[in-house]
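2 protein chains.
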Amino acid sequence: MALIVQKYGGSSVADAPSIRRVAQRIVDTHKAGNEVVVVVSAMGDTTDELVDLAKQVVPLPAGRELDMLLTAGERISMSLLAMAIRELGFEARSYTGSQAGMATDARHGSARIVEVNPTRIREAIDSGAIAIVAGFQGFNRGTGDITTLGRGGSDTTAVALAAALGAEVCEIYTDVDGVYTADPRIVPSAKKLSVITSEEMLELAAAGAKVLYIRAVEYARRHGVTIHVRSSFNSNEGTLVINDDGEGNMEEAMISGVAVDLSEGKITVVGVPDVPGKAAEIFTHVADTETNIDMIVQNVSTVETGLTDISFTLPKADGEKVMSALLAKQDQIGFESLLFDGEIAKIALVGAGMRTSSGISAKLFTALFEAGVNIEMISTSEIRISVVTRAEFAKTAARAIHTAFGLDGDELAVVHAGTGR
Amino acid sequence: MALIVQKYGGSSVADAPSIRRVAQRIVDTHKAGNEVVVVVSAMGDTTDELVDLAKQVVPLPAGRELDMLLTAGERISMSLLAMAIRELGFEARSYTGSQAGMATDARHGSARIVEVNPTRIREAIDSGAIAIVAGFQGFNRGTGDITTLGRGGSDTTAVALAAALGAEVCEIYTDVDGVYTADPRIVPSAKKLSVITSEEMLELAAAGAKVLYIRAVEYARRHGVTIHVRSSFNSNEGTLVINDDGEGNMEEAMISGVAVDLSEGKITVVGVPDVPGKAAEIFTHVADTETNIDMIVQNVSTVETGLTDISFTLPKADGEKVMSALLAKQDQIGFESLLFDGEIAKIALVGAGMRTSSGISAKLFTALFEAGVNIEMISTSEIRISVVTRAEFAKTAARAIHTAFGLDGDELAVVHAGTGR
Chain A
1 MALIVQKYGG
11 SSVADAPSIR
21 RVAQRIVDTH
31 KAGNEVVVVV
41 SAMGDTTDEL
51 VDLAKQVVPL
61 PAGRELDMLL
71 TAGERISMSL
81 LAMAIRELGF
91 EARSYTGSQA
101 GMATDARHGS
111 ARIVEVNPTR
121 IREAIDSGAI
131 AIVAGFQGFN
141 RGTGDITTLG
151 RGGSDTTAVA
161 LAAALGAEVC
171 EIYTDVDGVY
181 TADPRIVPSA
191 KKLSVITSEE
201 MLELAAAGAK
211 VLYIRAVEYA
221 RRHGVTIHVR
231 SSFNSNEGTL
241 VINDDGEGNM
251 EEAMISGVAV
261 DLSEGKITVV
271 GVPDVPGKAA
281 EIFTHVADTE
291 TNIDMIVQNV
301 STVETGLTDI
311 SFTLPKADGE
321 KVMSALLAKQ
331 DQIGFESLLF
341 DGEIAKIALV
351 GAGMRTSSGI
361 SAKLFTALFE
371 AGVNIEMIST
381 SEIRISVVTR
391 AEFAKTAARA
401 IHTAFGLDGD
411 ELAVVHAGTG
421 R
Chain B
1 MALIVQKYGG
11 SSVADAPSIR
21 RVAQRIVDTH
31 KAGNEVVVVV
41 SAMGDTTDEL
51 VDLAKQVVPL
61 PAGRELDMLL
71 TAGERISMSL
81 LAMAIRELGF
91 EARSYTGSQA
101 GMATDARHGS
111 ARIVEVNPTR
121 IREAIDSGAI
131 AIVAGFQGFN
141 RGTGDITTLG
151 RGGSDTTAVA
161 LAAALGAEVC
171 EIYTDVDGVY
181 TADPRIVPSA
191 KKLSVITSEE
201 MLELAAAGAK
211 VLYIRAVEYA
221 RRHGVTIHVR
231 SSFNSNEGTL
241 VINDDGEGNM
251 EEAMISGVAV
261 DLSEGKITVV
271 GVPDVPGKAA
281 EIFTHVADTE
291 TNIDMIVQNV
301 STVETGLTDI
311 SFTLPKADGE
321 KVMSALLAKQ
331 DQIGFESLLF
341 DGEIAKIALV
351 GAGMRTSSGI
361 SAKLFTALFE
371 AGVNIEMIST
381 SEIRISVVTR
391 AEFAKTAARA
401 IHTAFGLDGD
411 ELAVVHAGTG
421 R
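Chains A and B, in that order, give the protein sequences. Each step along the first sequence adds one to the number in the numbering used here, with nothing skipped, and position 116 is 116. Each step along the second sequence adds one to the number in the numbering used here, with nothing skipped, and position 3 is 3.
Simulated from the structure, these hints should not be mistaken for lab results. Note that the Cβ used here is the ideal one computed from N, Cα and C, for glycine as well. Please note that the accuracy of each hint is not assured.
Short, incomplete list of chain B residues facing chain A, as computed with Cβ under 8 Å [what the hints assert, rightly or not]:
1. Val-57
2. Ala-72
3. Arg-75
4. Glu-87
Covered stretches of chain B (in silico footprint by chain A; criterion: 3 or more residues with CB under 8 Å from a CB of chain A, positions within the stretch not fixed) [what the hints assert, rightly or not]:
5. 16-29
6. 49-56
Input sequences plus hints: build the corresponding full structure.
Next up, the structure:
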């Protein structure tokens with residue numbers, strides 16, 4: 001008898017019929033002889049609606065109270081799901097994050113899990129029941145206050161529970177069939193991967209692939225949890241995210257996929273004096289705005305002027321904030337001007353096979369050259385190459401790379417609308 | 001420095017502006033030098049909407065899960081209220097029923113409080129904060145499961161917290177100015193009582209007065225809590241519900257009010273064999289349906305037939321259920337037929353002064369006779385007389401009694417729309 005943790009996102013439980021459908025799937029898994037623990041997100045857009053409600057009351061809700069408010073969302077979906085399972089004749093009980101023993105630190109809105117004590121969940125499944133656990137939420141071990149884990153929190157809850165319970169697999173149900181070699185909306189010939197390493201999945205997620213959250217993959221990797229990404233709309237096998245032990249005992253795909261990220265913008269600081277400490281000064285001011293920046297490029301300075309340009313990418317939504325922060329320090333830093341470019345695309349090629357293979361960069365740059373795509377920035381890691389191009393060339397670039405590395409499949413991918421949390 | 005517990009019902013926190021208004025009132029109480037603990041119900045119709053949602057998923061939701069679902073309601077209102085208070089510059093923290101230490105038994109949907117341990121609430125107010133507590137909810141001390149207290153639960157939460165914290169007063173905010181000698185929508189000349197004994201309040205509540213729930217008044221009486229019923233729409237003094245020590249050391253009104261209840265119906269079991277045990281048999285079957293019945297009248301049987309009629313009142317909503325249960329046992333009980341009457345009114349006159357005063361019944365019956373109102377059933381307690389009349393005569397009867405006992409006031413009462421939980 002295997003223990004399986006299943007996670008269903010908000011789009012899988014958006015309304016009463018969806019909840020009944022998910023209940024049936026859970027019961028089927030249970031009837032097949034498995035112990036089942038389910039992690040569920042809030043229904044559909046509930047979380048956004050609760051945030052809106054808070055903003056009607058106050059412009060900037062306090063973290064502790066916003067967490068208390070938002071956790072009402074999973075409370076609703078999980079109790080309805082438990083009701084629906086009971087209606088099918090099986091015992092089911094819902095548990096809040098606190099009841100499931102998800103102890104976190106005190107950072108409201110982005111709490112980190114410090115310990116998982118799923119005693120009540122263990123008791124529930126030992127008694128033959130199906131346990132339904134609220135995703136996204138925990139409690140501050142010090143104060144007992146309710147906390148939330150931030151974006152992708154429900155995925156993290158599921159993986160953390162799977163680790164603590166020693167589950168055979170953590171199934172993450174979503175609105176796509178699994179992890180694809182590229183976003184099928186951008187590259188129609190993208191094919192589903194049957195297996196991917198957690199390392200590759202991390203790079204893909206970091207490069208903008210939406211299917212799994214980085215934190216959950218990191219947690220799975222650190223605790224040896226196998227994730228199975230699959231669709232809640234059919235019973236197809238999805239993608240297994242496995243932990244490569246690095247000994248090469250599996251046939252590993254050289255390249256696992258291409259990710260396109262259109263959510264980033266680029267800031268260029270023009271005419272920075274090329275003296276030691278200037279880059280540090282600039283990025284200290286950027287860090288003070290709590291913005292995550294990604295790629296950084298510094299031009300070679302011209303000998304005549306002694307000035308250089310520094311460019312970096314960041315989420316478009318943070319552009320205004322960072323521009324203001326830097327402009328306020330223009331005299332102090334001594335740069336000439338500041339440019340914001342919201343029309344870029346970041347395209348990344350990911351594959352564990354890169355590690356042992358040469359010529360990957362050359363092949364990628366050639367493919368882009370032949371497709372007529374100009375490269376503006378380049379950044380590489382051990383198993384990833386990212387380039388920045390004009391946004392208008394995103395599709396062309398992604399398709400060219402996808403084809404060049406032999407990723408094209410025979411059939412078209414199926415994508416459903418909506419996204420979970 | 002006094003400790004005050006304030007309870008706000010759903011209509012007082014129905015939307016963002018109402019929540020901000022209530023926050024201001026709480027802050028004003030705090031600024032006046034009081035320690036403040038606030039108990040809040042779910043916003044407006046939230047609870048009904050959650051019940052509807054559950055019924056979309058399953059016809060008969062399981063109690064444990066329904067409680068988990070419904071408690072999302074107060075979680076939303078209390079966190080929003082805490083945010084609004086913080087926005088005014090005062091520290092406020094919200095607490096669930098569990099966090100506030102409301103330990104109950106295991107009866108989901110109608111749990112009884114078994115112990116109140118408000119350690120965290122005490123700590124919050126000792127630190128200078130305003131504590132916001134979810135009304136209506138608790139936790140099963142044995143299992144840790146979430147429970148709800150049933151109808152009027154938030155009033156009970158407030159009184160129980162006031163008792164456990166030794167509060168000076170428990171202020172129950174509602175949409176009327178206090179307790180009236182009659183419902184002002186029925187008797188426009190009704191006047192507000194400045195004080196009423198908990199005993200009288202119990203009888204008025206039992207007789208259909210909606211302003212306070214019986215359970216909360218019972219709890220207050222048993223634990224010596226003074227309740228102040230007042231409006232959240234103005235700052236008028238309301239009605240104090242005090243615990244009469246029975247030694248007559250206060251000037252007590254002879255008659256405190258008239259209550260009208262149009263929510264009941266009457267079932268008549270026609271042609272019951274007048275043999276010992278038949279009434280017991282009938283009411284055992286009624287009890288099996290878990291219906292609360294109120295007045296019971298058995299006619300004198302006719303010598304010729306040896307048959308009698310038995311009538312009783314019950315909530316209209318339970319009429320169909322009880323009729324079906326009795327019809328299923330018709331042969332066994334041996335009655336001739338069954339009548340349901342949904343057009344009755346129950347009118348009650350309540351007053352501690354009745355205890356020491358004679359002629360009250362005669363005066364009441366005379367007033368109804370002179371108003372042309374026929375009496376169908378009569379029931380009395382030590383401090384209450386109830387009669388059943390045709391529903392169409394409810395207003396006439398209530399006004400006639402109100403005038404006959406000198407209750408008419410000089411000014412008209414103000415009533416706001418909506419009701420709390």
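The hints, checked one at a time:
1. Val-57: It holds, given that the least Cβ distance between Val-57(B) and chain A is near 5 Å, below 8 Å.
2. Ala-72: Holds: closest Cβ of chain A sits about 4 Å from Ala-72(B), inside 8 Å.
3. Arg-75: OK, holds: Arg-75(B) within 8 Å of chain A, min 4 Å.
4. Glu-87: 4 Å, holds
5. 16-29: Since 3 is at least three, the answer is holds.
6. 49-56: It holds: at least three residues are needed, and the segment 49-56 of chain B offers 4 whose Cβ sits within less than 8 Å of chain A.
Hint compliance for this structure: no hint is broken.
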